[in-house]
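Novice: The residues making up each chain are set out below.
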Amino acid sequence: MDHGPDAIKLPKLMLAADLPRVMQCIAQIDPAARGRLLINAEELEFAEPLPLCLLAAQLTNLHRVGGTAAIERLRKPVAERLERMNVLRDWISTRPASRSREHNFSSLQVSCATCIDDGNEIANTLAERIAAFAPAEYCQQNDRMTRDGIVVPLAYMLAELVENSLTHARGKGFGHAEAWIASQYYSTGDLIRLAIVDNGCGFLKSLHAHSSVQPKIHMAAIRAAFLPGVSCNRNVGIVRDSLNAGLGLTVSRDIAIRSGGAVWAGSGDTWIAHPGREDDTAKRISSWQGSMLNFEIHRAGLFSFNFRELFARYGHPGKAPSLSFTD
Amino acid sequence: MSVEGIVRNRIALGDLTGLHLLGTRHSAKVIRRQLVAALELEESVELDFDRVTVTQSFADELLGPLILERGHELLTRMRFKGCSDDVRAVLTFVVGQRLLDYEDSLSASGALRNADSELTSF
Chain A
8 MDHGPDAIKL PKLMLAADLP RVMQCIAQID PAARGRLLIN AEELEFAEPL
58 PLCLLAAQLT NLHRVGGTAA IERLRKPVAE RLERMNVLRD WISTRPASRS
108 REHNFSSLQV SCATCIDDGN EIANTLAERI AAFAPAEYCQ QNDRMTRDGI
158 VVPLAYMLAE LVENSLTHAR GKGFGHAEAW IASQYYSTGD LIRLAIVDNG
208 CGFLKSLHAH SSVQPKIHMA AIRAAFLPGV SCNRNVGIVR DSLNAGLGLT
258 VSRDIAIRSG GAVWAGSGDT WIAHPGREDD TAKRISSWQG SMLNFEIHRA
308 GLFSFNFREL FARYGHPGKA PSLSFTD
Chain B
4 MSVEGIVRNR IALGDLTGLH LLGTRHSAKV IRRQLVAALE LEESVELDFD
54 RVTVTQSFAD ELLGPLILER GHELLTRMRF KGCSDDVRAV LTFVVGQRLL
104 DYEDSLSASG ALRNADSELT SF
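If you're matching them up, the sequences are chains A and B in order. Under the working numbering, the residues of the first sequence are numbered 8 to 334, in order. Under the working numbering, the residues of the second sequence are numbered 4 to 125, in order.
Hints were generated in silico from the structure; no laboratory data involved. Wrong hints could be hidden among the right ones.
Using C-beta positions, here's what the derived DEER-type ranges look like [unchecked claim]:
| hint | chain 1 | residue 1 | chain 2 | residue 2 | range |
| --- | --- | --- | --- | --- | --- |
| 1 | A | Ala289 | B | Gly113 | 43 to 49 Å |
| 2 | A | Gly236 | B | Lys32 | 55 to 61 Å |
| 3 | B | Val10 | A | Arg320 | 50 to 56 Å |
| 4 | A | Arg320 | B | Lys32 | 25 to 31 Å |
| 5 | B | Arg82 | A | Asp286 | 32 to 38 Å |
Glycine residues also receive a C-beta, built at the ideal position from the N, C-alpha and C atoms.
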């Protein structure tokens, strides 16, 4: 297959830290384009979860409007890893590039959630896989406590994030929205990278009517989404069959930060590092219809995580309710 | 979802779902319907959280609408079994928040009634 001058070239490294450049590349996969798009991945050596989710999401957007694309000339080890992910398998051409070089990305999982029923399953499965891959230094106490120490906060985050992507993101005429979730963890060290991308309505459309979004721009909406109690439909009545509390994203961010990690979020033309902190930093990016979340989490920090301390921060002061707990 | 985890006045979430963590509001709604059915038949109902962790969203969707409707009376008829420290923290937080909402809604409806009676007497 020939690579004409119009083929889209994936960069050598697709990193979340280089998101403006990654987004420029992804934006070239234009759903409005006619014919078959060729994506030359000859130089690609390493991709983090967020760019992979964006790539998978944009290829799906293209497919939805009848477009086709092929990712070609992938190096063998990169192709092997990407083919394992069901979200990219359909797009990868079987002819790899001749050169090959292995990078240290030990395990990579990408899932696509299309149905709200998927949320619990994805959260549990992904968290279990990450916990099972603990590097040697974390296997010395390889008992249930150690595994739970990782699984519980990770599954908690994942369930809340998938929930958001398949509910809030599907408002405002975006009922078709899907979510892509990817994690990456390594053979050494304790870093876990986690990303979730959706092609839904985005933070601004979702929270447009909320008083805390001022002015009505993407940057303000992303920041507001991390405030406790801010939700597109926090409902304290009994008319509707469902409620919202506006805490899922806030708690997910807190879990990552308390582990010693960090959080980034984007939507529309804005990408914010450390949303919710006074010293957050915003960048302009090529526009994304939907929302993007990127987390760095440290295994060691998850073990000491304490939900009681966390919720004490958001609860109303006063007497705790009297619940009948039994063993 | 199997019905293995339901024994009239006891709903065992782990047996019912086979999952370690229950997170989504959608899955909570399904169990809430079973809880409502059990409360209609039984004086008290036990929710068994053995081997299960729940998110704030799940707990809120499971219990929140019922607390907003029935207030403290609901809690006198419920027992929470096998809860880890994490689950206790989540349940205590969610129930506390929704009881405040319930009390706020009572105050608001009381204020409305007062306003109505003032208008009538006028």
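Novice: Does each hint hold? Answer for all of them.
Specialist: To see whether the hints hold, each was checked on the structure:
no.: 1; hint: A:Ala289 with B:Gly113: 43 to 49 Å; verdict: holds, 45 Å
no.: 2; hint: A:Gly236 with B:Lys32: 55 to 61 Å; verdict: violated, 22 Å
no.: 3; hint: B:Val10 with A:Arg320: 50 to 56 Å; verdict: violated, 37 Å
no.: 4; hint: A:Arg320 with B:Lys32: 25 to 31 Å; verdict: holds, 27 Å
no.: 5; hint: B:Arg82 with A:Asp286: 32 to 38 Å; verdict: violated, 46 Å
Taken one by one, the earlier hints fail for this structure at numbers 2, 3, 5, listed in ascending order.
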